[in-house]
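Chemist: Line order of the protein sequences matches chains D and U.
Here our numbering runs 33 ahead of the position in the first sequence, where the first position is 1.
Here our numbering runs 1 ahead of the position in the second sequence, where the first position is 1.
Hints are not guaranteed to be accurate.
What follows is a set of in silico ranges between Cβ atoms, one per label pair, in the way DEER data are often shown [as the list claims (entries may be wrong)]:
1. Pro281/U to Trp154/D: 30 to 38 Å
2. Gly87/U to Gly47/D: 56 to 64 Å
3. Leu65/D to Gly200/U: 31 to 39 Å
4. Pro175/D to Arg95/U: 40 to 48 Å
5. Leu110/U to Pro175/D: 35 to 43 Å
6. Trp64/D to Arg95/U: 37 to 45 Å
7. Leu181/D to Gly87/U: 42 to 50 Å
Which residues of chain U face chain D? A partial, calculated answer using Cβ under 8 Å [to be verified]:
8. Tyr24
9. Ala55
10. Glu64
11. Val66
12. Ser79
13. Ile80
14. Ser81
15. Thr144
16. Phe147
17. Val264
18. Asp266
19. Ala268
No lab work stands behind these hints, which were simulated from the structure alone.
Note that CB positions come from ideal geometry on N, CA and C, so glycine has one too.
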Amino acid sequence: MERIDPRARSDAYGSRLNRSHSPLLANVVPWLSIMLGSLFPIFFIAAALPMVPPLGFLMLLGWRLVRPGLLPVWAGIPLGIFDDLYNGQPFGFAIFTWSVALLVVEASEMRLPWRAFWQDWLIAGLLGTLYLFSGWLLSGAPLTSASLAAIVPQLVLTILVFPIISRIVARLDLWRLWRWKRL
Amino acid sequence: MAPSSQRRSSYSKRAQYNLFTGYIVAGVGALLGAVLLGISFFQPQLFGGPRGAAQDAASPATETVAAARTGSKSLWDSISGYYRAGSKNAELKREMELARIRLEEAEALRQENVRLKGLLGLQEEERKPVAVARLVGSTASSTRRFAYLGAGSEDGVTVGMPVRSPRGVVGRILETGSLSSRVLLLTDSESVLPVRRAGDETVAFAEGRGDSLLRIKLINLGINPLKVGDMFVTSGAGGYYPPGIAVAIVTELTDDGALARIVSDPAATDYVAVEQIFEPDAATGAQTPIEEELGD
Numbered sequence: 034m035e036r037i038d039p040r041a042r043s044d045a046y047g048s049r050l051n052r053s054h055s056p057l058l059a060n061v062v063p064w065l066s067i068m069l070g071s072l073f074p075i076f077f078i079a080a081a082l083p084m085v086p087p088l089g090f091l092m093l094l095g096w097r098l099v100r101p102g103l104l105p106v107w108a109g110i111p112l113g114i115f116d117d118l119y120n121g122q123p124f125g126f127a128i129f130t131w132s133v134a135l136l137v138v139e140a141s142e143m144r145l146p147w148r149a150f151w152q153d154w155l156i157a158g159l160l161g162t163l164y165l166f167s168g169w170l171l172s173g174a175p176l177t178s179a180s181l182a183a184i185v186p187q188l189v190l191t192i193l194v195f196p197i198i199s200r201i202v203a204r205l206d207l208w209r210l211w212r213w214k215r216l
Numbered sequence: 002m003a004p005s006s007q008r009r010s011s012y013s014k015r016a017q018y019n020l021f022t023g024y025i026v027a028g029v030g031a032l033l034g035a036v037l038l039g040i041s042f043f044q045p046q047l048f049g050g051p052r053g054a055a056q057d058a059a060s061p062a063t064e065t066v067a068a069a070r071t072g073s074k075s076l077w078d079s080i081s082g083y084y085r086a087g088s089k090n091a092e093l094k095r096e097m098e099l100a101r102i103r104l105e106e107a108e109a110l111r112q113e114n115v116r117l118k119g120l121l122g123l124q125e126e127e128r129k130p131v132a133v134a135r136l137v138g139s140t141a142s143s144t145r146r147f148a149y150l151g152a153g154s155e156d157g158v159t160v161g162m163p164v165r166s167p168r169g170v171v172g173r174i175l176e177t178g179s180l181s182s183r184v185l186l187l188t189d190s191e192s193v194l195p196v197r198r199a200g201d202e203t204v205a206f207a208e209g210r211g212d213s214l215l216r217i218k219l220i221n222l223g224i225n226p227l228k229v230g231d232m233f234v235t236s237g238a239g240g241y242y243p244p245g246i247a248v249a250i251v252t253e254l255t256d257d258g259a260l261a262r263i264v265s266d267p268a269a270t271d272y273v274a275v276e277q278i279f280e281p282d283a284a285t286g287a288q289t290p291i292e293e294e295l296g297d
């Protein structure tokens, strides 16, 4: 059989013979990748403008929209606490906004159970815009029109980077469910 | 992808309760976040401890990346230095000659200063920096402009100390962890710094705007005496910063002052120095509410 088709006994997640998924990877990868997304922006020195898109939030939306049913609705609480340690906003901002965002996605999923990618992108773009705007509103500093104008480049980047994020999430998901373990 | 069948919880009471509990927990989480957010508006320093510990935990990674970043930047500088090297070299030589003359004049002025101060009986001790460290990161995705510094309370850094680079003021320490600390940059919209124009006594406040510029607000209103290209330095008022450190250069005039660009861009600096608070008594005095002061 293998001589006719080398992939006869395998599927998208590798060979089905004598192999099994790794439960550790399958459970840890989504959470860890979102936490790495939260950590990533601190490596840049941005003195003038907020330049880096909120990658932790985008990874959260990516996992939620690309892989519905994987993250629980309450995932915004532990992941938000971690994000709040690094994001520079007043503490509690990410816990609040991430929980609300997951509830909003849940509600939109009831309306649109079957979605094309552009609908996912629309939802992520709208939520990203609201997230950045509320980040400006709830930053704890005096509100100036200059700092509102300063988030525009970041907003454009945030919307444009979502397709890449969802590709990364899809690849991580494939990797997460790969049959690594030899039986 | 279509939602999984998890939502269609069917007749299983257990599945229905699980789903319901998830919504309740998420709602409670949102409320909890809102309450914490409200608390940290009034007590911004309350969660400094966990944030400092988290920053310390990340510091091996951030230190490594900071070292690589400054290394790659100097490599890039040396490559781009070859571009139009000849004309640049001639220009630099001309500038160098002028600078040498100015330096001699400055030396003469310094000696005169020492003589005059000696006449007045003023003495100046040498100010040594508390710590010298790299800026290891910043809150690059937030509206706030904070940077992280690779030195903390173990190096003697405390809250309020000024941070400067060889070019000028960078900001001041806001929170300290044991190995790292958080710096409020000049461009943050909560940062206010008393400044004066270099060369005369035009005093003003330099406020961050949240974008790359500072807003210079003159204290004496009247005819705006500023010109594009004016340099502002710290005035020493408030007690945190020593006087005479470069802050910003005016780029655009407004009704009540000007907009200015910072001299020391933190993204372009390699090492920065943390210095002692200039006049600790004045700094604490400025923070004490006047009722409390009169009450004693």
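Chemist: List in ascending order the numbers of the hints, as given earlier, that are violated by the structure.
Modeler: 1, 3, 6, 10, 12, 13, 14, 17
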